[in-house]
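K.L.:
Here are the chains, one letter per residue:
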Amino acid sequence: MEQQFIERATEVGAVVHTAADSAEAVALVARIYRSVAARSVVVSPDLAHLKEPISRTLIEVGASLVEGSSPEDVAEADLGVTGAALAVAETGSILVAGNDPVPRLATMLPLIHVAVVDVRSIVPSLEDVAGYLRRTAPGKGGGPVRYASLVSGPSRTADIEKTLSTGVHGPRELHIILIRSESVER
Amino acid sequence: MSLSFRRIATLAVVGLLAALGWRVAVRRKAASHQGRALTTFRGLYGQALANPQLRANLAYYQKTWRRQRDASLQAYQVRSGRDFETLRHELAGIKDAVLADLPAYFRQFKDAAVRAGAVVVEVTSPEEVHRYIIDLARRRGVSLVVKSKSMVSEEIHLNRALEESGLRVVETDLGEYVVQLDHDRPSHMISPIAHKNRYQVAETLSRVSGSKVSGDDISELTGIARRQLRPAFLEAQMGISGANVLIAETGTAMLVTNEGNGRLISSLPRIHVIVAGYEKLLPTLDDAMKQVRLLTRGGTGQHITSYTTFITGPDRPDRELHIILLDNGRWKMRADPDFSEALRCIRCGACANVCPPYQIVGGHVFGHVYAGAIGLVLTPAHHGLENAVGPQSLCLSCNACATVCPVEIPLPRQILDVRRDAVESQGLPWYKGAALELWSHPRLFDLATRVGARLQVPAAEGHFLRHLPIPDQVSWRTPPALASRPARDRLVGRRPAPARHGPLADSDAKGLRVAYFIQCVTDRFFPEMAEATVRVIEACGAGVIVPSGQHCCGLPAYDAGDRPRALSMAKQTVRLLGRVEADYIVTGAASCVAMMVHDYPHLFRGDPEWLERARKVSDRVIDLTSFLDRVARLPEGALDSGPFAPVTYHHFCQSHNVLGLRTEPQRLISRVMGLELREMEGASTCCGFGGSFSIDHPRVSRHIVEQTLANIAATEAPVVVTDNPGCILHLRGSADATGRPLRVLHVAELVDERLRQWGRTVA
Chain U
32 MEQQFIERAT EVGAVVHTAA DSAEAVALVA RIYRSVAARS VVVSPDLAHL KEPISRTLIE
92 VGASLVEGSS PEDVAEADLG VTGAALAVAE TGSILVAGND PVPRLATMLP LIHVAVVDVR
152 SIVPSLEDVA GYLRRTAPGK GGGPVRYASL VSGPSRTADI EKTLSTGVHG PRELHIILIR
212 SESVER
Chain V
9 MSLSFRRIAT LAVVGLLAAL GWRVAVRRKA ASHQGRALTT FRGLYGQALA NPQLRANLAY
69 YQKTWRRQRD ASLQAYQVRS GRDFETLRHE LAGIKDAVLA DLPAYFRQFK DAAVRAGAVV
129 VEVTSPEEVH RYIIDLARRR GVSLVVKSKS MVSEEIHLNR ALEESGLRVV ETDLGEYVVQ
189 LDHDRPSHMI SPIAHKNRYQ VAETLSRVSG SKVSGDDISE LTGIARRQLR PAFLEAQMGI
249 SGANVLIAET GTAMLVTNEG NGRLISSLPR IHVIVAGYEK LLPTLDDAMK QVRLLTRGGT
309 GQHITSYTTF ITGPDRPDRE LHIILLDNGR WKMRADPDFS EALRCIRCGA CANVCPPYQI
369 VGGHVFGHVY AGAIGLVLTP AHHGLENAVG PQSLCLSCNA CATVCPVEIP LPRQILDVRR
429 DAVESQGLPW YKGAALELWS HPRLFDLATR VGARLQVPAA EGHFLRHLPI PDQVSWRTPP
489 ALASRPARDR LVGRRPAPAR HGPLADSDAK GLRVAYFIQC VTDRFFPEMA EATVRVIEAC
549 GAGVIVPSGQ HCCGLPAYDA GDRPRALSMA KQTVRLLGRV EADYIVTGAA SCVAMMVHDY
609 PHLFRGDPEW LERARKVSDR VIDLTSFLDR VARLPEGALD SGPFAPVTYH HFCQSHNVLG
669 LRTEPQRLIS RVMGLELREM EGASTCCGFG GSFSIDHPRV SRHIVEQTLA NIAATEAPVV
729 VTDNPGCILH LRGSADATGR PLRVLHVAEL VDERLRQWGR TVA
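Heads up: the sequence lines are chains U and V, in that order. Under this note's numbering, the letters of the first sequence match residues 32 to 217, in that order. Under this note's numbering, the letters of the second sequence match residues 9 to 771, in that order.
Don't take each hint at face value.
[Claimed, not checked] Straight-line Cα separation of at most 25 Å, BS3-like style, residue types lysine-lysine; simulated pairs: (1) K518(V) x K624(V); (2) K118(V) x K340(V); (3) K193(U) x K71(V); (4) K579(V) x K518(V); (5) K193(U) x K118(V); (6) K118(V) x K298(V).
[What the hints assert, rightly or not] Covered by chain U, per the in silico footprint, the following chain V stretches (three or more residues, Cβ under 8 Å): (7) 141 to 153; (8) 181 to 190; (9) 220 to 234; (10) 314 to 321; (11) 377 to 383.
Everything labelled a hint here was simulated from the structure, so no lab data went into it. For glycine and all other residues, C-beta sits at the position ideal for the given N, C-alpha and C.
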């Protein structure tokens with residue numbers, strides 16, 4: 032399933048990196064930060080225990096972190112680092128789910144989006160996403176998750192001459208870091 | 009005597025042509041008259057035809073779409089083992105179940121959405137939507153609205169209403185943004201600026217951004233749009249979108265976008281308003297996923313779009329979500345057995361992407377607000393029959409749309425029902441009314457064609473009429489000459505003479521009794537094709553009878569929207585063929601087979617007795633290719649008679665799309681007859697004949713056939729084969745007029761030539 036996810040995600044234009052553990056994932060975030068020549072970064076609270084080490088490492092390599100949580104603040108960032116609720120092998124998508132606007136905006140406003148995903152959160156198909164949304168629907172006891180998006184590659188358009196162009200409103204690049212050995216605690 | 013006859017004949021021919029020329033002149037004058045009001049159908053039509061850039065843009069668009077869409081469906085089939093037919097049949101079934109029980113699914117959706125904190129309202133008219141949103145905006149102090157692409161908002165002309173109330177409205181989908189800046193209209197449901205190229209877009213974006221961009225680099229254009237639109241997302245107090253699906257079990261709205269603007273307008277402004285038609289309801293989240301698979305593949309050829317968003321109530325306590333469900337003709341449509349299936353539509357736009365006339369004239373002409381085949385069907389329901397009258401005339405009935413629709417909407421049949429309604433309300437054009445009046449009277453028709461055959465003598469030269477003062481508009485196709493002896497004179501009353509010897513005499517058709525149905529064009533223009541067909545059937549060991557009194561299946565009238573005449577002609581044929589004693593009724597005209605097998609059930613649906621009589625006839629009706637393939641079951645190599653020119657095959661569109669003949673012709677040509685078959689591009693794309701279409705829309709027809717001829721020429725095969733006399737008339741005439749030395753043969757003629765070649769070789 033991991034291999035299938037990587038293939039599909041690559042097909043839809045995401046760049047998939049694999050990390051043996053969370054330390055390697057943190058280092059990868061810093062490497063991506065440097066490679067895309069970003070300056071300011073928003074590190075989303077949905078990264079849970081990875082938020083602190085990622086923030087620290089990014090500061091060490093010279094990033095300025097966006098502190099506020101208003102849309103204008105998040106829009107200042109060139110790069111957004113977030114987690115994801117699920118990853119879908121069928122489509123190479125990640126599911127960004129939750130009612131807090133900051134993680135969501137961090138996947139939408141910056142030009143580069145880095146998602147850190149545990150390999151164990153990969154599910155086979157869109158029906159599994161349906162199952163997740165059903166379990167977490169408002170009034171069903173779980174979540175509730177009122178807002179969720181399958182994110183499949185970068186923001187794109189082919190409105191002009193059916194030619195693909197990315198970064199039209201959201202990210203021009205989507206990087207997915209798959210952590211193989213330990214869970215991203217939520 | 010003969011001199012005076014010649015004089016009368018010449019006068020008659022000149023008179024006929026004068027009438028034709030007068031008609032063209034009148035139409036030209038009417039067109040120039042309306043030129044001032046460019047929003048009329050005629051005005052837009054003329055504009056589109058004068059725009060070669062439009063045709064080029066759309067040809068590229070359709071070709072790219074086809075490649076990407078086929079590849080994505082193929083890849084899914086390889087992975088899942090489920091093909092397009094299975095997927096679409098399943099989704100159509102789900103949609104039908106919802107439509108059957110719509111009030112209940114709506115209540116379920118509403119209860120869940122309201123529990124999640126949304127406001128759900130039902131409205132009847134576009135004006136009610138306008139009022140609701142304008143009131144809400146006033147009460148909440150909204151001044152700026154950002155919109156995500158929504159066909160329903162186009163349907164109800166929402167922007168205009170909101171702007172008139174003083175609101176600032178910004179379209180945020182790139183294509184819709186360009187359309188808004190240009191004061192233009194979207195021409196495609198998925199790809200609003202399919203009619204523009206990069207340089208046209210660059211001009212617009214240069215104007216609005218104040219910095220000159222060339223357009224060479226498309227990513228530079230999207231960069232400008234990003235910078236221009238970002239402030240609007242952040243400042244707007246209200247976002248408006250449609251919904252791709254409303255999920256009943258959870259009260260969730262699903263929104264599919266690629267650009268991400270849908271997420272921005274539903275996350276940033278404090279108020280999100282969704283406007284959607286009732287037909288967007290689906291029972292469960294799983295059903296929504298099934299739709300996603302087909303919507304994205306059918307829409308853009310993607311496995312999935314970049315963002316598929318699920319919204320269940322407002323995400324935070326300080327935010328509002330309003331969901332407006334719109335009727336605007338939908339409930340009436342649901343109750344109408346002729347059109348209810350159109351409510352299955354998921355707005356993917358696939359029907360436009362395979363439509364030959366759409367490729368020539370674009371969505372502003374081929375449709376109204378909704379473009380493409382589905383647009384022709386939805387327009388009467390949402391915008392009035394009067395706005396569908398012009399656009400519906402552009403349908404060729406090629407049925408390509410039906411092969412790609414992800415919810416199996418019978419679009420070609422529904423378009424003909426719209427045509428029927430248009431004819432009932434506006435009448436037929438005079439020249440069609442006159443022709444059909446004649447055609448619907450077998451004896452008069454027979455007499456007229458015989459008189460015509462004599463009158464045309466001065467102009468006839470072989471199979472064509474030449475040296476005639478033909479108006480420019482139709483000069484691209486040399487008109488065919490009527491045969492001096494129609495096929496019926498040569499064949500009716502003959503005795504069956506099945507072959508006892510020969511290469512095919514032992515086929516599985518051996519001993520069968522076959523009735524041959526000639527078809528009008530074959531009978532009057534191509535009698536030698538009829539004779540070849542009979543020889544071919546008998547070569548297979550079957551005996552052929554040719555029933556006397558046979559006339560027309562009714563297709564020309566059905567196709568023209570003239571139901572009363574279609575019924576009377578169909579009844580005449582059913583009555584006649586019903587009496588015929590034969591195992592099969594074979595015709596070389598696949599269009600008649602499509603009519604008798606696929607259209608008769610709809611034509612006779614209100615009349616159980618005739619429905620049954622028609623069924624008994626159509627059960628025995630079969631086209632020649634299917635007869636050779638399925639009945640005679642000619643084995644491989646059976647007619648490999650030695651060297652022959654390479655041939656290419658042009659599928660008659662309805663053979664391919666309605667009768668489902670996909671590989672049979674190829675098998676017959678390359679396997680059974682051992683010929684070199686050179687595949688042409690667009691082999692199953694309509695040649696632009698479409699019966700009276702080529703007379704109603706000669707300029708559109710010309711552009712289409714030019715592509716067909718160019719594709720044939722590219723194969724460098726000197727022979728093109730097809731299986732319908734209409735295509736043959738069209739291709740022979742236009743190849744002749746453009747000086748192409750192309751042989752256009754019916755399948756029967758090709759098989760017949762191979763039989764003679766076999767005879768010579770053996771002898």
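K.L.:
Within 25 Å, alpha carbon to alpha carbon, are K518(V) and K624(V)?
P.N.:
holds, 23 Å
K.L.:
Take a quick look at whether K193(U) and K71(V) sit within 25 Å of each other, Cα to Cα.
P.N.:
Roughly 10 Å between the alpha carbons, so the hint for K193(U) and K71(V) holds.
K.L.:
When I compare C-beta atoms, does the segment 377 to 383 of chain V have three or more residues closer than 8 Å to chain U?
P.N.:
Violated: only 0 residues of the segment 377 to 383 of chain V have a Cβ under 8 Å from chain U.
K.L.:
Holds or violated: the segment 220 to 234 of chain V covered by chain U, criterion of 3 or more residues with Cβ-Cβ distance under 8 Å?
P.N.:
holds (count 7)
K.L.:
Need the status of pair K579(V), K518(V): alpha-carbon distance at most 25 Å?
P.N.:
Roughly 31 Å separates the two Cα atoms, so the pair is violated.
K.L.:
Quick one, are K118(V) and K340(V) close enough, alpha carbons at most 25 Å?
P.N.:
holds, 21 Å
K.L.:
At least three residues with a C-beta closer than 8 Å to a C-beta of chain U: is that true for the segment 141 to 153 of chain V?
P.N.:
Not satisfied, violated; 0 residues make the cut.
K.L.:
Hint check: K118(V) vs K298(V), CA-CA at most 25 Å. Holds or violated?
P.N.:
Holds. K118(V) to K298(V) sits at ~22 Å (cutoff 25 Å).
K.L.:
Do three or more residues of the segment 314 to 321 of chain V come closer than 8 Å to chain U, measuring C-beta to C-beta?
P.N.:
holds (count 8)
K.L.:
Count the residues of the segment 181 to 190 of chain V whose Cβ falls closer than 8 Å to any Cβ of chain U, and tell me whether that reaches three.
P.N.:
holds (count 4)
K.L.:
Sort out whether K118(V) lies within 25 Å of K193(U), counting only the CA atoms.
P.N.:
Since the Cα atoms of K193(U) and K118(V) sit roughly 38 Å apart, the hinted pair is violated (cutoff 25 Å).
Checked against the numbered hints above, the structure breaks hints 4, 5, 7 and 11 and satisfies the rest.
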